[in-house]
Amino acid sequence: MRIAILGAGKMGIWFAKFCKKKGDDIILVDRKAEKLVKPRDELQIETTTDFQTAVQNADNILICTSINSFEEIVKKIAPNTHKGQTIMDICSIKEHPVNIMHQYIKEATVLGTHPIFGPGSNGIAHKTYVLTPTNIQEENCAERYKQWLEKEGANVTIMTPQKHDEFMSIILGLPHFIGLVACETLLAQQNFEESKKLAGTTYRMLFTFAEATAQETPDLYASIQTKLSGLSKVEELFIQNAQSWLDLMKNKNTNEIISRVERLQAKLAKNDKDYNKSYETMYKMLQSTEE
Numbered sequence: 002m003r004i005a006i007l008g009a010g011k012m013g014i015w016f017a018k019f020c021k022k023k024g025d026d027i028i029l030v031d032r033k034a035e036k037l038v039k040p041r042d043e044l045q046i047e048t049t050t051d052f053q054t055a056v057q058n059a060d061n062i063l064i065c066t067s068i069n070s071f072e073e074i075v076k077k078i079a080p081n082t083h084k085g086q087t088i089m090d091i092c093s094i095k096e097h098p099v100n101i102m103h104q105y106i107k108e109a110t111v112l113g114t115h116p117i118f119g120p121g122s123n124g125i126a127h128k129t130y131v132l133t134p135t136n137i138q139e140e141n142c143a144e145r146y147k148q149w150l151e152k153e154g155a156n157v158t159i160m161t162p163q164k165h166d167e168f169m170s171i172i173l174g175l176p177h178f179i180g181l182v183a184c185e186t187l188l189a190q191q192n193f194e195e196s197k198k199l200a201g202t203t204y205r206m207l208f209t210f211a212e213a214t215a216q217e218t219p220d221l222y223a224s225i226q227t228k229l230s231g232l233s234k235v236e237e238l239f240i241q242n243a244q245s246w247l248d249l250m251k252n253k254n255t256n257e258i259i260s261r262v263e264r265l266q267a268k269l270a271k272n273d274k275d276y277n278k279s280y281e282t283m284y285k286m287l288q289s290t291e292e
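The sequence shown begins at 2 in our numbering and counts up one residue at a time.
Everything labelled a hint here was simulated from the structure, so no lab data went into it. Treat the hints with care, since some could be wrong.
With beta-carbon atoms standing in for the labels, derived distance ranges [said to hold, decoys possible]:
1) 197 - 160: 35 to 43 Å
2) 47 - 67: 33 to 41 Å
3) 137 - 33: 18 to 26 Å
Heads up, simulated DSS-like pairs for lysine-lysine below, C-alpha to C-alpha not over 27 Å straight-line [stated by the list, open to error]:
4) 152 - 128
5) 11 - 234
6) 36 - 23
7) 107 - 77
8) 11 - 152
9) 228 - 77
10) 18 - 152
Note that the structure is a prediction, hence the values are computed from the model and not measured. For each residue, glycine too, the CB sits at the ideal point set by N, CA and C.
Given these sequences and hints, build the entire structure.
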């Protein structure tokens, strides 16, 4: 099977490696020729800057470009796609790219996918994969792909693009928002670097999260924050809750602080039978990093 992988970023190269190991014939495509030199030499695969020819001769197409350039690439390749091909994307949001593929691609089958792991992953076993079909043809394609992924050991979920983005608002959007705000807040403290030397588990967990968040790709954050429908409502609720907690602190309302924490603990224990176990496990892992 010949697969055209569009985009020689970290995930594009990861999929090129993965698919080659599975015996597929790979052509890696990117607008910048210099980005293709290393993967071409290391993986011994075909590379090109010619998107149209690459997709025309491919059985399947995997779009691994950024969300910002996604529409431009889809519009460019659309005239050279044809019936019998499957075209998938790996964007972290789904409604926006799926709509774009439907707008421009008329003959080939498109399928929105979200591999929820990064380029450091060793294979897809035990990793989560989300597929977002929107019609019967795409559902059939998703079911076949699901069966293949599960044979490879992946955990596969099928849902609509809209439902996916609702989940990503709290799974990706809110954590990114909190991490960026926390990082900016910590860096505003003159003694930030010195404070890290005195860090216990809780503070170490905070600044590790904040620093890790701020090191990620800026355009990915910008796309997630601006293109996930419903995310602003989640973040507004966070701000409201933060203000409510701040009011309690300012008013030194000790009893209500205690009561509110106890209510949260009760809700967590009720909703997750393994809450205490998972919490203790997480703490042990964090403590081990300090030793």
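Against the structure, the hints:
Under the hint 35 to 43 Å, the C-beta atoms of residue 197 and residue 160, about 40 Å apart, fit the expected range. Here the CB-CB span from residue 47 to residue 67 is close to 23 Å, at odds with the stated 33 to 41 Å. In this structure, residue 137 and residue 33 break the distance hint of 18 to 26 Å, their C-beta atoms being roughly 39 Å apart. With a CA separation close to 12 Å, the supplied pair residue 152 and residue 128 stays within the 27 Å bound.
For a cut-off of 27 Å, the pair hint linking residue 11 to residue 234 is broken: about 31 Å separates their Cα positions. For the proposed pair residue 36 and residue 23, the alpha carbon gap of about 23 Å is at most 27 Å, so the pair holds. A threshold of 27 Å between alpha carbons decides the hint, and for residue 107 with residue 77 the separation of about 13 Å falls inside it, so the pair holds. Distance restraint check for residue 11 and residue 152: the Cα-Cα separation of roughly 25 Å lies within the 27 Å cut-off, and the hinted pair is therefore satisfied.
At roughly 22 Å between alpha-carbon atoms, residue 228 and residue 77 fall within 27 Å of each other, so this suggested pair holds. Between residue 18 and residue 152, the direct Cα distance comes to roughly 18 Å. Compliance with the 27 Å bound is thereby established for this hinted pair.
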